[in-house]
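> Residue numbers (my numbering), protein chains in the order written: chain H, 1 to 74; chain W, 1001 to 1246; chain R, 2001 to 2362.
Be careful, since some hints might not be right.
Stated by the list, open to error - Reference excerpt, derived from the structure (chain R facing chain W, CB under 10 Å, subset only):
hint, residue
1, Ser2041
2, Ser2059
3, Asp2249
Please keep in mind that the hints were generated in silico from the structure rather than gathered at the bench. Backbone N, C-alpha and C define an ideal beta-carbon position, used for all residues, glycine too.
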Amino acid sequence: MNKKTTQIKIDKEKCKGCLLCLKVCPKQNVLERSKDLNKRGAQFIVIKHADECTGCALCAIMCPDCAIEIEENK
Amino acid sequence: MNKKFTKPKSMKDVTTHYCSGCGHGIIHRLICEVIDELDVRENTVAIAPVGCAVLAYDYWDFDTMEAAHGRTPAVATAVKRVLPDRLVFTYQGDGDLAAIGTAEIIHAGNRGENFSVIFVNNGVYGMTGGQMAPTTLLGQTTATSQFTRRAEKEGFPLKILEMMAILPGVVYLERTSLYSIKEILQTKKAIKKAFQSQLDKKGFSMVEVISPCPTYWGLSPVKAMERIEKEVVKEYPLGVVKELAG
Amino acid sequence: MKKRYLSTGNEACGEGAIRAGCRFYAGYPITPQNELIAYMSRRMEEVNGIFIQSESELSAINMVFGAAAAGVRAMTSSSSPGISLKQEGISYLAACELPAVIVNVMRGGPGLGNIAPSQSDYFQAVKGGGHGDYRLIVLAPATIQEMFDFTYESFALADKYRIPVMILADGMLGQMMEPLEFDEDIQPSGIVEKPWVMTGAKARPGGSIKSLFLKGDSLEQHNEALQEKYRNITNNEKRSETYKAAGADIIIVSYGTIYRIACSCVDKLRQNGIKAGAFRPITLWPFPSEEIKSTAKKNTQILVVEMSAGQMVEDVRLAIQDDERIKFLGRMGGGIPSEEEIVKEVNRLVGECRRGDPCVLS
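All chains, please: the whole structure from these sequences, using the hints.
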């Protein structure tokens, strides 16, 4: 998966800031907590280093709120 | 751009009312993924409990009824008997199933009713404010076990699956969890197996999912998942409790 | 020496029971009375009483049956849907003449309803939600203080007449907080001998507590005895309260927290020159029929206000026997009648009969 074919999309309003995605991300540097709050007052997740993401989707599998989508350009 | 991972079709595109890090959200999605994969969305009738998941019909895009507290298996029995070719499942918490609905779940299993049960065991009553449940662990503090749960006063954590296993009409029982990707995928596999066994008309099936309740365990979502891994699964061992062949 | 607390109604109710010598409580979580079961789980331990969170409300009432039959002052509490589950057990308590206290912190119904306050369980409480000819003494508190006082008094009433007593509180009383005062060394009152308890037939023939009466007309005779008890209670235990009712042109009849709203409406109406008064039953059963009749004499108008589709209004009609004078204003599903709504309705009623034309809120 060397060529960048996948892309993470985070719905910041759906995210409740539970940080479970950070717990399971194998790369640990792709996502981070944002400083701002969404409408519900949650510190949502933002992308830190998109290029380190391998598109494995573990974060999306763990996410309780369907806040993460992985897109793939074929 | 096509989607490698996205919300299942059977799931409505809404934000849920569940607390941050609650396991209900994950289990809801897994059920919808299985229903999409089995392609039975239009053939499914679910029965939601009274408890945190009482609003499940706001999140699932398939027919869902709301039963009186604990009476979910009774409602499901009738629905499945009347509509034998539909996929019928109940979604129940530990208060709904293991407390007020104990009689209902045991007799539905004993009659071998051909529906599936998704039993969410998070060890407390969430909706009403974190009271002790039959599945609360010994030594766990809750709103109604403020001196921790003690065997001599509050009895022992109830093992529903192990109890149901002795009933001949019960064909498939598995306990899974959510604390890791592996466990989440195992939960999805178990749900699919339960639904498939129902579609194959084998009899009563139930999947118990050990789920976190960060709010009333007084832990962060990450710590709650760790508590399951380190503590809860010791009392509630994961794995297949019963699987009748054929 | 009196001490003042800031307390929720749920906790005031719990403490009232503890101070009345209640030493057995079985309950189940349901909003809006969760604070009561949590409070009892702690307080019963502190006073060496017995607390059980049962698997359902249905089993909780049957646990209270056992505790009462064993001679202990026993209580359970719940909210509307849970109280429905207890009806069979309540009928058995009444049939077996067992003293017990049942607290219902009412919520919006029917069905799962909501967790807003309501008074739509009036019929269930006073007309008998369970089977058979039976009655419960039903007390309707309006304040946090009364949640303590009425619960405390209910145990003495239950023991005196060997009857289940229900505290019927509207939902807001459960979680609302108000000052609460009681004598620190208050002791249980109305302690009576209970020769009938089941504690083991030591040097006496085995006794029984049961409600099966198969032989001949034994059940009819048993019912006669119950009715005699109910007549006795009706003659002795009616309680009600009035506010500026003397000589009033119109009486607002309500109970529970709505009475507090009615009283402020009376003050507002009197400022606008309308002679209004208020009446509230404190015992919903036995219903204070004579008292309401003497309060709202011949040509006095009556406006009954309830958080329901109109249930107590029927007992008012039965007492007054003059439907013409009785009007009803209600809010359902957890809605709370506001002062404005009540004042507007009174103006309309008084305006209608005084000037004959529809009245506009002044």
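> State for each hint whether it applies.
Comparing the hints with the structure gives:
| no. | hint | in the structure |
| --- | --- | --- |
| 1 | Ser2041 | 4 Å, holds |
| 2 | Ser2059 | 8 Å, holds |
| 3 | Asp2249 | 46 Å, violated |
In summary, the structure is inconsistent with hint 3 from the numbered list given earlier, while agreeing with all the others.
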